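Residues per chain are reported as follows:
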Amino acid sequence: MKSNQSAIIKFLMATIVSALLAYAIGIYGNLPWWSFVISNFIIAIAIDQKPLKAFISGALGVGLLWLTLALMIDQQNGHLLSTKVANILPLKGSTSALIAITAFVGFILGGLSSLSGSYVRKAK
Amino acid sequence: MRILPFIATSIVTVGLVSVLNIQLTIGKTQTPKLGYFLSPQHGFWKNAEKLGAGFDASIVAKDLKGNVDVYMDDRLVPHIYADNDEDAYFVQGYLHAKFRLWQMDFQTRVASGRLSEIAGADKLTIDRFFRRLGMVYGAEQTEKYINENNPVMKATVEAYTAGVNAYVKQLSPENIPFEYKLMNYQPEEWSPKKTYLFLMFMSYDLTGRAAAADLQLTNTRDFLGYDLFDKLFTNQQDSLDPIIPKGTAFAEATLHPMKPAGSDSAYLKKKTFTTEAQNTSPSPEAPDKNNGSNNWAVSGSKTKSGRPILCSDPHLGLNLPSLWYEVQITTPTHSTYGASFPGSPAVIIGFNDSLAWGVTNAGRDVLDYYDLKFKDSTQKEYWFNGSWQATSNRQEIIKVKDSADVVENIAMTHWGPAMFDAHYQNGQSMGRNLAVKWTGHNASTGVETFYKLNRAKNYDDYINAISLWKCPGQNFVFASKTGDIAIKQQGSFVARWDRQGDFIMPGIDSSYDWQGMIPNDENPMMKNPERGFVSSANQKSVDSTYPYYLGTASSFPLYRGISVNKRLAVMNQITPIDMQSLQTDNYNVFAEVARPALNKFTDLSMLSPDAQRMVNEMNRWDLNNNANSKGTTAFKIIWDSVEYAVWGDEIAGSKIPLTKPEAFVLVDQMNRDSNFSIADDIRTKDKIETLKDQVQLGIEKATKKLLALEKENKLAWASFKATSVNHLTKTPALSRLNLSIGGGVNIINATTENHGPRWRMVVHLTDEIEAYGLYPGGQSGNPGSPYYDTFIDSWAAGKYYRLLFLPKAKLITNERTKWRIQFKNA
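For the protein sequence lines, the chains are A and B, in the order given. The letter at position 29 of the first sequence is residue 29 when you use my numbering, and the numbering goes up by one with no holes. If you count the second sequence from 1, you need to add 124 to reach my numbering.
Hint data in this document are derived by calculation from the structure and do not stem from the laboratory. All values derive from a computational prediction rather than experimental measurement. One thing to keep in mind: the hints can contain errors.
[Stated by the list, open to error] Below 27 Å or equal to it, Euclidean Cα-Cα: the simulated DSSO-like pairs (lysine-lysine) are:
#1 B/Lys838 / A/Lys92
#2 B/Lys923 / B/Lys948
#3 B/Lys157 / A/Lys92
#4 B/Lys932 / B/Lys581
#5 B/Lys174 / A/Lys92
#6 B/Lys428 / B/Lys651
#7 B/Lys189 / B/Lys576
#8 A/Lys92 / B/Lys152
#9 A/Lys92 / B/Lys854
With the sequences and hints as input, model every part of the structure.
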């Protein structure tokens, strides 16, 4: 039970830290857009989790961050730009699809980089 | 460490990042770097502006001499109040960059042949065209001249440049304009040369049609033979109402250009058939022949207030972001409001607290081709005035994205750059070696004209300011608070003999060279005429008694000018509202003469029932090109179809595309006589078609097209015309398509499919100036801004905004003033 609890805390911590770090690094526009891949990788080494859990926490961390940011920006912008971009990309003007794809890119790269980091540790 | 899974996931991660970090090619287009583009902290999401966000800011710029206050009004027009002139232009540069940086960059890239650098080898043909035409060469001449001779303009352009760069330097990577992210390249710093390149582009846009037209006319003449050509491409316009009224006496000419001996055979030539050219590269689309404009001024004798009213609406390609940016500039030396060019300091069309001015294109021919004879394929020598002369080599290096540089070696001659040679041909150059001579190549202080107009106080200042203007030739209209109105066609114009430069000229000696430039005071002009108004609409400025040849009639749209003058002549007690309705007037004066001409040759009983119905639709029409009018569409399609029936056979046999005669040629013929030999279809040997036959054929063919349109529910004029305001990259999602707006070619409201009035301005010269205006766009160039296309719907509906032009103390308290941007030097 206790180990279960600490596993949950670890999972939540990894998720939150990866989101926070990804956001903080993202503020520096001079750094490449994929810098969170490195931070997630390091977090996955620092916070030892099973590969699947590491994947999910990394994926949720960045994926939810990107989802939230995109949703907020889009709301405040009244969908002006997202509608245009969703017509430039072959999405038939669907802003929801554009937001979903944005979140998915964050989700999959966040997950993969954490997964990769989790393998640095020895198997338990 | 679990080596294998680690390596496997790392490879997948790095691989995926890499794929999302490059531009993918899908079909013919390249995607942005998708990961970067979608990242909410780096990509396009950063360009999505918060609705209702303010623009208050405080900016420190050490290049400033003093402090500058900018107040933004509710339409996001900046009102710049500066302690000195240079600071004002610094801030104008900063604001242009803040709201229009990508556009400024893109337009100068087009002008300087640098598109391949960002878009790859696909754009090489466009880049080569502009390099070989001498666009960069011309900008260099101007830069050198101003740097050496004109310290005030040098300082002005440098202050402007510093302002642009102050913005560019503080721009963080995630905040660069949207289009850079979409096309995946980076902003770069501005330079004075870029301002001159931008102005070169305006010269090209307004005089460069000759670069295509002279070749086409030459080929058309070669194909038809001069005698037939001269009938179809006549310069005689029966209904011309010139800018300077017919019958006005002109001053004695000081130049007497002489046609070279033997030119009838050597230049005008007998019929010679042309052959198909090989290995050609396509040229960019030639500037639209409807790149025109209207302007006029009415004197106090015709207005309700007793004060003059000036109107100007330049027509150019409709684009987003707009070519224009509204601004007020107030310094101790002057206070001016109007439309400015992002890329250039000062106001281009506008008014100050003493007077107003506007421009239309003069349409005069200032670009010619000369046929060169090179000694050999090295192109190091060419034959001129009886001996071999050395060319100099100008190298233009074109950088190409993902590919090696392309080097253009251009032979420079007495005439100018050898644009077409063994290395460069287009579909119309037919293997010739052609040098181009163009007033656009000459150093020009055009920027100074606007600088001085911004500060002009009276008629003399206006004349003095425009006397510096060289290229592109313009009709400058003027009105002052003191009651003067005037118009002058100004530019550096060639004193031409009849038909000089309509075709490619022999370049082996100087006999076909320009024999002089017309002195400024012989340019057509008019001040305070009896009739109480001055106007221009790109028509020929003068009748045939003017001592110099203006250029081929196809450069001078005939009908808009007739409409404008007809209306102004009968208007009295005019108010600014009346002027607004005249600027947006849809009356089709061409149809007024063409419809009866068509009917004269139409035998209704010979037509099919559908065709009769369509002719009736056309005849019921009230001659206004209104958005919902079906008669406009019927007339337009019937007319085009009849024209094709008449001319199609004459020009159909050519392997290269030839130009079509102007509409007035056929109308004038139909109204003159009915035995018009050209009506005969030369392809039918056993039959002689009359104009009646051709009109009937044209109507039947038009009916088929009209029925198809009717089926698609596109018979209403606006749906058929489908006016669009296109983004500069022609990306549909960034454009405004299918606007509901009337007008068209030959109409005062000259809105065609993608051309139209770009800056409608009405200025009433009362003590406190009462001005109205708008352009089809918005003050922000960012597609993610609510100010991106703010004015388009009002523009399409023919509405106007009252322009805020106030001294600082009054502006601050005005209810429409919303934000303040402070510029400090420390």
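Taking the hints in turn, this is what the structure says about them:
no.	hint	verdict
1	B/Lys838 / A/Lys92	24 Å, holds
2	B/Lys923 / B/Lys948	38 Å, violated
3	B/Lys157 / A/Lys92	20 Å, holds
4	B/Lys932 / B/Lys581	20 Å, holds
5	B/Lys174 / A/Lys92	24 Å, holds
6	B/Lys428 / B/Lys651	21 Å, holds
7	B/Lys189 / B/Lys576	22 Å, holds
8	A/Lys92 / B/Lys152	19 Å, holds
9	A/Lys92 / B/Lys854	18 Å, holds
In summary, the one numbered hint that this structure violates is 2.
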